[in-house]
Amino acid sequence: MEDVAIKVENVSKIFRLPHEKTSSVKSVFVNFYRRQKGYELQSALKDVSFEIKKGEFFGIVGRNGSGKSTLLKLLAGIYVPSKGQVHVRGNLTPFIELGVGFNPELTGRENVYLNGALLGFNRKEMDAMYSDIVSFAELGKFMDQKLKNYSSGMQVRLAFSIAIRAQSDILLIDEVLAVGDAAFQQKCYDYFQEIKNSSKTVIFVSHDMDAVKRFCTRCLFLDDGQVQRVGGPNEIADTYVRSNNQKMLKEIKRNKNGRRFEIKTLNAHGKPNDSFEYEEEMTVRLSWDPRKSSGVKNVGVAIFKETEYVFGSNTIGRGLELDNESSLKISLNLNAGKYRIVAGLFGNDDKQVIDFESNGPEFIINPAKDSKTQWAGLTKLQHKWGSR
Amino acid sequence: MRHYFSKKNRALLAELVRTDFKLRYQGSVLGYAWSLLRPLFIFVILYVVFVKFIKLGTDVPHYPIYLLLGIVIWNFFSEMTVQSLSSIVGRGDLIRKIRIPRWIIVLSSSISALINLFLNLLVVVVFLFLNHVDLLRTTLWLPLILFEVYAFALGLSLFLSAAFVKFRDINYIWEVVLQAGFYLTPILYPLTKITNVTFQKLIMINPMAQSIQDARYATVTQSEKVITAHRLFQGGWYEYIPFIIVLLALVSGVYYFRKESKYFAENI
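Chains as they are written, first to last, in my numbering: chain S, 1 to 388; chain D, 1 to 268.
Quick caveat, the hints were computed from the structure, so don't treat them as lab data. Built from N, CA and C at the ideal position, the CB exists for glycine as well. A portion of the hints provided could be inaccurate.
To be verified - Here are the simulated distance ranges between beta carbons:
| no. | chain 1 | residue 1 | chain 2 | residue 2 | range |
| --- | --- | --- | --- | --- | --- |
| 1 | D | 240 | S | 77 | 36 to 44 Å |
| 2 | S | 12 | D | 243 | 55 to 63 Å |
| 3 | D | 42 | S | 226 | 25 to 33 Å |
| 4 | S | 128 | D | 179 | 31 to 39 Å |
| 5 | D | 6 | S | 85 | 31 to 39 Å |
| 6 | D | 10 | S | 226 | 39 to 47 Å |
| 7 | S | 127 | D | 27 | 22 to 30 Å |
| 8 | D | 40 | S | 39 | 13 to 21 Å |
| 9 | S | 39 | D | 6 | 19 to 27 Å |
What the hints assert, rightly or not - Here's a subset of chain D near chain S, in silico, CB distances under 7 Å, partners left out:
| no. | residue |
| --- | --- |
| 10 | 98 |
| 11 | 202 |
| 12 | 265 |
| 13 | 268 |
As the list claims (entries may be wrong) - Which chain S residues stay away from chain D? Per the calculated CB distances, all over 12 Å, these:
| no. | residue |
| --- | --- |
| 14 | 64 |
| 15 | 73 |
| 16 | 117 |
| 17 | 122 |
| 18 | 182 |
| 19 | 211 |
| 20 | 218 |
| 21 | 227 |
| 22 | 238 |
| 23 | 313 |
| 24 | 340 |
| 25 | 377 |
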């Protein structure tokens, strides 16, 4: 028991969602009088139980709407469970998102102090760490400007610099990596590595399976408000991706109107072909029956190597007439191996799938003459060696 | 109790009050001076209309100060309850995403109002000197009387702010209640203007009427024209009704707020 940081026992959370917004006194009286239920019950979490040990980097993965954020808010004490109990040993960061409580009308400096207060630091303590925070955020020149004049990247940097000062034993991190540029993400990763090596407990919610695999020591897969599985990060990440793909396929199948469209790979002479040389030109031709697949506004073609997404492109904004056919020319500067075409016909946006083929024709690329000896990898990037 | 005023909570409370003050007069030229100018202007208008034109309170000594003190106390009560009412909903972003004691938000807006009250009381003191009002020993009671007003306003604030999360009509209702309260409390007129003793008694049951009259009696004038609850009820147990109301408001406000605050994050 000593080494348990968080214990969640049979927790359920049920929300009352009003049908019509019953936030006026009149509607309460009216509904009371008519004995009507003005709301509908939605259970966001169903009988969730798990334990997190001290020092673990614990990942929570799941699709949107699976109850991840609700779970995190329950752990943070922002929500109270409808049933069950949450036990927390040690103090826990009170926030689940960066930049909570930032006020756009205040200056950067004032916001630092306000945010620090939300973490429980008084002015004296904030004075001591102020310059560190500013230099970490690289915002020295901007601290006396109002926050509303900051770019979103600057705001995130500032928020992150303050958040990492929190001296909690248990940290809650929800999708921080979704914002910020590559340099900022690197800073986040460095920080994660640092806390991973410390004795702190981290609960990490993310859609980014690479980050999950890289940092987490154990993971929980949440689906439809229920714990599907708890296990190692690789196992859970794979389960998550597989279940995600299945759900996507189901959605695509629902959208399908029976007949498939045709995908052909052609060589430079317009002949069907499935074996290409390095840097040879390939044409992918899609053709469909406009009576069966009507309203095609956008066509997409992608190349996969097993599960790796190698390349993809679509026709959005290219002003093409898409009557019943479309073709894409690709110069195959890909290393030897077996590749697969994935293609789809879409309506106005890519959520409106008219037809989709995730298992398209395969083709082979023969080894380039200089590969293996002079270069390796998936593709040959432009490069140049020098002597110094 | 120590847990409630831990270092963390004190730091947060101080920062919230500071933010409130910074934001309130942002972009205005006179800034904080408005905290004083606003009640002064209201006082001048009421003074001109009710004292100079309508000739109210000619028989009460130092009537202008008597009027000013009443307005200042009432303003505090109305400002505190109105600001607190929307404080929880106004800080919805915090409540949905961070675990901080919810009552701190209401307390911080009540402290902003308290600071304003003290600034306004300074103005009252200046007027007291300018009018050569004798300093009364009973002035020592004033802090206690103001504490009663604060407790009453705090109980109502807790109740209103929690109720506003669920029922967004509350602010309109409260506006009307305050307007009615302003006229049903003897702020502009001396209570002697109402000749029916039963009505006088009904009015004096209101803690605001009782506390404003007591404050005037304690600091401005002890003339028999100032009817206090004690004088009116002649020592009967009725004179404690205002205090019982204050206590009830505070207890039920705290109770309701505690019960509801668990669900603020999902109801906002």
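Which numbered hints turn out to be false for this structure? 2, 3, 4, 5, 8, 9, 11, 13, 15, 16 and 17
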